[in-house]
Amino acid sequence: MSKKLVKRSPMAQFAIRTPYYVLTLGLAIIFMYPLLWTAIKSFAPQGGSIGQPEGWGVGNYETLFNYQAGIWVYLKNSLLITILCVVFTLVLSTLGGYAFARFSFPGKNLLFLLVLSILMVPYATLLLPLIIWLKNLHLAGAGAILGGRLGVAIVLAVFQLPFAVYMMRISFEAIPKEIEEAALIDGCGSLGALLRIMLYAVKPGLITVGIFAFLAAWNDFMVPLFLLNSGDNSPMPLAMVNMRQQVMGTIDYGVTEAGVVFLTVPCVILFLALQRHYVRGFMSGALKG
Amino acid sequence: MSSAAATPVKPKKRLSIQRRNLRGWGYASPVAAVVLVFFVGPLVLMMYMSGTDWKMAGNQGTNFPDNFKDVVSQRQFWPSILFTLKYTVIATVLLIGLGLALAMLVQESSRWRGFLRTAFLIPTSVGLASASLLFYALYSPAVGPFKGILAKFGVDAILGTSWGALIGTVFLIVWRYTGFYMLLLLVGLQGISGDLYEAARIDGASSGQIFRKITFPLLRPSLALCIIMCVTGSLLAFDQFYILTKGAPDNSTITVVYLLYKLAFETKKHLGMGAALGVIILIALVLINIFQLKVLRGDEDE
Numbered sequence: 001m002s003k004k005l006v007k008r009s010p011m012a013q014f015a016i017r018t019p020y021y022v023l024t025l026g027l028a029i030i031f032m033y034p035l036l037w038t039a040i041k042s043f044a045p046q047g048g049s050i051g052q053p054e055g056w057g058v059g060n061y062e063t064l065f066n067y068q069a070g071i072w073v074y075l076k077n078s079l080l081i082t083i084l085c086v087v088f089t090l091v092l093s094t095l096g097g098y099a100f101a102r103f104s105f106p107g108k109n110l111l112f113l114l115v116l117s118i119l120m121v122p123y124a125t126l127l128l129p130l131i132i133w134l135k136n137l138h139l140a141g142a143g144a145i146l147g148g149r150l151g152v153a154i155v156l157a158v159f160q161l162p163f164a165v166y167m168m169r170i171s172f173e174a175i176p177k178e179i180e181e182a183a184l185i186d187g188c189g190s191l192g193a194l195l196r197i198m199l200y201a202v203k204p205g206l207i208t209v210g211i212f213a214f215l216a217a218w219n220d221f222m223v224p225l226f227l228l229n230s231g232d233n234s235p236m237p238l239a240m241v242n243m244r245q246q247v248m249g250t251i252d253y254g255v256t257e258a259g260v261v262f263l264t265v266p267c268v269i270l271f272l273a274l275q276r277h278y279v280r281g282f283m284s285g286a287l288k289g
Numbered sequence: 001m002s003s004a005a006a007t008p009v010k011p012k013k014r015l016s017i018q019r020r021n022l023r024g025w026g027y028a029s030p031v032a033a034v035v036l037v038f039f040v041g042p043l044v045l046m047m048y049m050s051g052t053d054w055k056m057a058g059n060q061g062t063n064f065p066d067n068f069k070d071v072v073s074q075r076q077f078w079p080s081i082l083f084t085l086k087y088t089v090i091a092t093v094l095l096i097g098l099g100l101a102l103a104m105l106v107q108e109s110s111r112w113r114g115f116l117r118t119a120f121l122i123p124t125s126v127g128l129a130s131a132s133l134l135f136y137a138l139y140s141p142a143v144g145p146f147k148g149i150l151a152k153f154g155v156d157a158i159l160g161t162s163w164g165a166l167i168g169t170v171f172l173i174v175w176r177y178t179g180f181y182m183l184l185l186l187v188g189l190q191g192i193s194g195d196l197y198e199a200a201r202i203d204g205a206s207s208g209q210i211f212r213k214i215t216f217p218l219l220r221p222s223l224a225l226c227i228i229m230c231v232t233g234s235l236l237a238f239d240q241f242y243i244l245t246k247g248a249p250d251n252s253t254i255t256v257v258y259l260l261y262k263l264a265f266e267t268k269k270h271l272g273m274g275a276a277l278g279v280i281i282l283i284a285l286v287l288i289n290i291f292q293l294k295v296l297r298g299d300e301d302e
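Protein chains in written order, with our numbering: chain F, 1 to 289; chain G, 1 to 302.
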């Protein structure tokens, strides 16, 4: 196509390109519109809003911050669950990926397939037995460790494993063997080689796995909905949905919009900052799929 | 899968094979332990629960196959399956079609296309629960920006009719996930050698012919991956309906997973029935995916 265009006059090119720019700009606006709308609307006056009935301001955010136990409780829950999930995912997938990429041991392929098969089992169906199962392990229900938040983080990490282990396996496989052998000859054990040399080499893979685990844990709604029975341990998405349902008679849309903004801003910033790694994750996933 | 390609062991190291095996297991053991304890264990328990009279209070003894009979005889069982299938077909066709269209639109790299990619991708970083709350406000007859336009057409609430609720949810999903499929297909498109297009153009092929004879066949593996992911995800839809439509109006937007939730926690409060429906969903999903793999792979050989 580009060859043909070169021969056309600038005017003709302009005439051809304009509809393209109009169309694509329109599409970009459609995709950006919902987020921009909420962001603006959360500061705007609106009927039914307790915090911001008239005039522009941060009233909706004040309502949000003072909701029940205070937004900080839910924010803390979200951070705790997210950090634990990211740490578990990174540690498990690094060790597992290293094992799958660099060692051959009996049962290796079976274990790898078992990890991948987590993808095939629906989230929702596994959560029912997990309620009972985790109760017996003191990871859910009354008196659970960390009020059940540890259990939620573990379950979220388990669902991250297929992608994370796969990603770390191909990251380790991509490192030339010589680097590891040089370290081994220099007297490092395999753990020393892993910690001192290999981790630096797989850093892009770790970042990708970390972003995906963060976004999944930060945003997840269903796992805490099934596993947590006390509202005080809820992470933010669950608290947000409960907040809306409790004021059912007159829905406070303002606070909902503020909550969506509050939940989404970290994700969008993380995405924009690390877009390259995010895209890379898909690339490696799709190449072998 | 690449898992069959075991790392070959060099002869000089053969003496230490056992030690290396042991090390390998050592590194793999945390994953193995977590998968056994938090995946295989619960999976077995689910099978057991599905044949058990397991209420909120606890296990009251086995009752196989009563749970399955009870689930199938639920008034909402068949409607929820039909609705889930309808939603899956609509969502998959739209997501893959639009994803492919967007991927082709932003395929070549330029500053403008880079901006477009970012614009299409930003929604994929928004959580599904947040996105559902966002669209709940967006569609609201009280504060939504479309209330004026809709009123002119005599619609006061988008989510008020069963078709409106379905279309509204599909629109939310398209907004949230199209970028995701665009990216997967973009990777597939970039794997196709530019020489092929060049050669086709020199031979005088039209752009329609190029799409049908080059792009489409070579993109098939990526398309297959996208379709399988999209069908699986849509069949298991829950969050968007639970938050956006709450199954309304008249229980017309209840998916099978939503029904599972209702049986376990709302209407019956019967975990055994929920687990039975879980087993049904699991088996159906495995069968559907085996079928999809066969069809999508079979085509590839032709």
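Read the hints as simulated data drawn from the structure, not as lab findings.
Keep in mind that this is a model prediction, so the values were computed, not measured.
Glycine residues also receive a C-beta, built at the ideal position from the N, C-alpha and C atoms.
It is possible that some hints are incorrect.
Quick look at which bits of chain G chain F covers, simulated, 3 or more residues with Cβ under 8 Å [stated by the list, open to error]:
| hint | region |
| --- | --- |
| 1 | 24-34 |
| 2 | 67-77 |
| 3 | 83-89 |
| 4 | 137-147 |
| 5 | 151-158 |
| 6 | 212-221 |
Okay, the hints, checked on the actual structure:
1. With a cut-off of 8 Å between beta carbons, the region 24-34 of chain G has 9 residues touching chain F; three or more are needed, and the interface restraint holds.
2. Only when three residues or more bring their CB closer than 8 Å to a CB of chain F does the claim for the region 67-77 of chain G stand; here the count is 0, and the claim is violated.
3. With 0 residues bearing a CB less than 8 Å from a CB of chain F, the region 83-89 of chain G misses the requirement of three and the coverage assertion fails.
4. Under a criterion of three residues with beta carbons nearer than 8 Å to beta carbons of chain F, the stated coverage of the region 137-147 of chain G is upheld, 6 such residues being counted.
5. Counting residues of the region 151-158 of chain G whose C-beta lies closer than 8 Å to any C-beta of chain F gives 0; at least three are required, and the coverage claim is violated.
6. Look at the region 212-221 of chain G against chain F: 1 of its residues bring a Cβ nearer than 8 Å to a Cβ of that chain, fewer than three, so the hint is violated.
Hints 2, 3, 5, 6 from the list above are not met by this structure, while the remaining hints are.
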